[in-house]
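Same order as they appear, the protein sequences are chains A and B.
Those letters in the first sequence? Residues 0 to 288, per numbering that gives the first Met the number 0, in order.
Those letters in the second sequence? Residues 0 to 252, per numbering that gives the first Met the number 0, in order.
No wet-lab data here; the hints were simulated from the structure.
The model shown is predicted, which means the values in this text are computed figures rather than measured ones.
Some chain B residues flagged as far from chain A (calculated, every beta-carbon gap over 12 Å): (1) Gly48; (2) Lys63; (3) Phe69; (4) Trp72; (5) Lys117; (6) Gly170; (7) Leu179; (8) Asp207; (9) Met212; (10) Thr219; (11) Thr224; (12) Leu225; (13) Pro226; (14) Val227; (15) Gln233; (16) Glu243.
Here chain A is said to cover these stretches of chain B; the calculated rule only asks that three of the stretch's residues, wherever they fall, bring their Cβ under 8 Å from a Cβ of chain A: (17) 90 to 97; (18) 145 to 151.
As a list, the in silico EDC-like pairs of lysine to aspartate or glutamate whose alpha-carbon atoms are at most 20 Å apart: (19) B:Lys63 with B:Glu228; (20) B:Lys89 with A:Glu62; (21) B:Lys86 with A:Glu62; (22) B:Lys87 with B:Asp187.
In this text, a Cβ means the ideal position worked out from N, Cα and C, and glycines have one as well.
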Amino acid sequence: MRKTYGKLLPGMKPSDLAGKLIVVEGTDGAGRTTQINLLKPWLEELGHAVLDTGMTRSALAGEGIRRAKEGNNLGRVTQSLFYATDFVDRLENEIVPALRAGFIVLTDRYIYSLMARAIVRGMDAAWIRSIFGVALVPDAVFYLRIGVDELIPRVVFSRGFDYWESGMDVFPGHDMYESFRNYQAALLAEFDRLSAEYNFQTIDASADPKVVFAQLKHKILSILESDSRKGYISKLHERPAAAPQKVEPPMAARPREDGARELNLLFQTAAAHRLGHSNGNGNGSLHHK
Amino acid sequence: MDTGNMGIGRIGPFEVFYPTQQAVPPVRQNGDGEIPGRLFVVEGIDGSGKSTQLMLLHKWLESKGYGVVFSQWNSSPLVKDTTKLGKKKKMLTPATFSLIHATDFADRTERSILPLLKAGAVVLCDRYIYTAFARDVARGMDRAWVRDLYGFAVKPAVAFYFRVPLETAVGRITAAREGLKFYEAGMDLGVSDDPEESFRFFQGRIIDEYEKMIPEFGLTVVDATLPVEIQQAQVRQIAKTHLERAKNLRVRP
Numbered sequence: 000m001r002k003t004y005g006k007l008l009p010g011m012k013p014s015d016l017a018g019k020l021i022v023v024e025g026t027d028g029a030g031r032t033t034q035i036n037l038l039k040p041w042l043e044e045l046g047h048a049v050l051d052t053g054m055t056r057s058a059l060a061g062e063g064i065r066r067a068k069e070g071n072n073l074g075r076v077t078q079s080l081f082y083a084t085d086f087v088d089r090l091e092n093e094i095v096p097a098l099r100a101g102f103i104v105l106t107d108r109y110i111y112s113l114m115a116r117a118i119v120r121g122m123d124a125a126w127i128r129s130i131f132g133v134a135l136v137p138d139a140v141f142y143l144r145i146g147v148d149e150l151i152p153r154v155v156f157s158r159g160f161d162y163w164e165s166g167m168d169v170f171p172g173h174d175m176y177e178s179f180r181n182y183q184a185a186l187l188a189e190f191d192r193l194s195a196e197y198n199f200q201t202i203d204a205s206a207d208p209k210v211v212f213a214q215l216k217h218k219i220l221s222i223l224e225s226d227s228r229k230g231y232i233s234k235l236h237e238r239p240a241a242a243p244q245k246v247e248p249p250m251a252a253r254p255r256e257d258g259a260r261e262l263n264l265l266f267q268t269a270a271a272h273r274l275g276h277s278n279g280n281g282n283g284s285l286h287h288k
Numbered sequence: 000m001d002t003g004n005m006g007i008g009r010i011g012p013f014e015v016f017y018p019t020q021q022a023v024p025p026v027r028q029n030g031d032g033e034i035p036g037r038l039f040v041v042e043g044i045d046g047s048g049k050s051t052q053l054m055l056l057h058k059w060l061e062s063k064g065y066g067v068v069f070s071q072w073n074s075s076p077l078v079k080d081t082t083k084l085g086k087k088k089k090m091l092t093p094a095t096f097s098l099i100h101a102t103d104f105a106d107r108t109e110r111s112i113l114p115l116l117k118a119g120a121v122v123l124c125d126r127y128i129y130t131a132f133a134r135d136v137a138r139g140m141d142r143a144w145v146r147d148l149y150g151f152a153v154k155p156a157v158a159f160y161f162r163v164p165l166e167t168a169v170g171r172i173t174a175a176r177e178g179l180k181f182y183e184a185g186m187d188l189g190v191s192d193d194p195e196e197s198f199r200f201f202q203g204r205i206i207d208e209y210e211k212m213i214p215e216f217g218l219t220v221v222d223a224t225l226p227v228e229i230q231q232a233q234v235r236q237i238a239k240t241h242l243e244r245a246k247n248l249r250v251r252p
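Chain A extracted, bound-state conformation (with noise of 0.2 Å):
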């Protein structure tokens, strides 16, 4: 059964909460977005449902973020309730919605950025885990690890220094490029910390994208692999006389067969899938049908 860190929110029930919470974490540049977006189109090739969230998205407090950050006058202990607001926001109205209708959740980043943001900036570790007590805990956690020398390149060759991913608000060097060096290698140290604590994954990130996407996949499949609803998804399937599948909504992107079929169907290319990649060929070719 699915279980938050501390305390639960109120109305919040996570007994019927089917689906997978999958987190990519990782500093700023890791490769996070670019992961997300290839695993998404992949999961529903599978037939997942699937839902990507990430930072600063709430319909609540996304807006007041950004405009708070244009300013470069968020206070610390402000910047971490405001992103704490955003994160449970989208954890009440998009996470547990989802994972309740048996969706694959892809989030880009959880709770474990904003602790080490947070005590990168002096705050009260005690403090911010207490906050962060009501997140689930997720399926598994992806941290794409990459260090601040290869990081910086990415940085530079592509959108250049931001205020706060330099984290000036913390460490305010003589330029930028020396207070991102020094906030993001706060930042690793703090991720390496939590690894051990939250359980992470950790997967090299200064490799070529495909080998991360290949090693992101084969996890991921294992972990499809242990669905508990796979019996379930079986039984249907054992039944040939399924009538009352036909029913579906008028609006269906595109036609359908048998539900429970196709579902079976998808933990079997599931399985298929994995096997082809224990054997080590990272190339990430999915196409045999």
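Chain B: place on chain A using the hints.
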């Protein structure tokens, strides 16, 4: 300076913080030397008359030459638009209601309350963390979690609680205003579709929480059914004892 050995909690940039958990070692009281300012806060349900009392205290302190600054609940320029959006669109759950108000309070603490106290001002707050504790718990949030959340707050010199029977407050509110707002009346709890009935139920729960907090946080109880002048005399008398040890606060003689 490492304050860890002195039994002083530390969250972020603050040297003082509120002793919300039993396990936390005793903390230095606000006003015992290192922070020269004084923080007075007023608490109570809507219609208890606390804002009137604070306004009168404000006038008196100014007339005595103190540098006084007033801070209102829910007024941070960075955060209030988000709170407004959440309330207007009814997007707030008990958890996000709690968090967005804590965010607002954090901004006011970091930006004004703490720096002003360090600068030696008398800071007056209309509602403080006890409002959050009462409302959030009345909405079903965990007591300990909400207390942890506000662990960064500066402990006030005096927290006045204006105690008033529910019926008196309801009478004052309904006579003075046209209609009750959705969250103010606790309509989000879904107890009743009638705003006045819902308000009564919600404020009743809030009173229960305040009563529990009197011994927990040492709130100073003022009987809010007494005439305004008598209440104010009590408030000034108590405030005075906390200002005597801080004569240097005066901005002019």
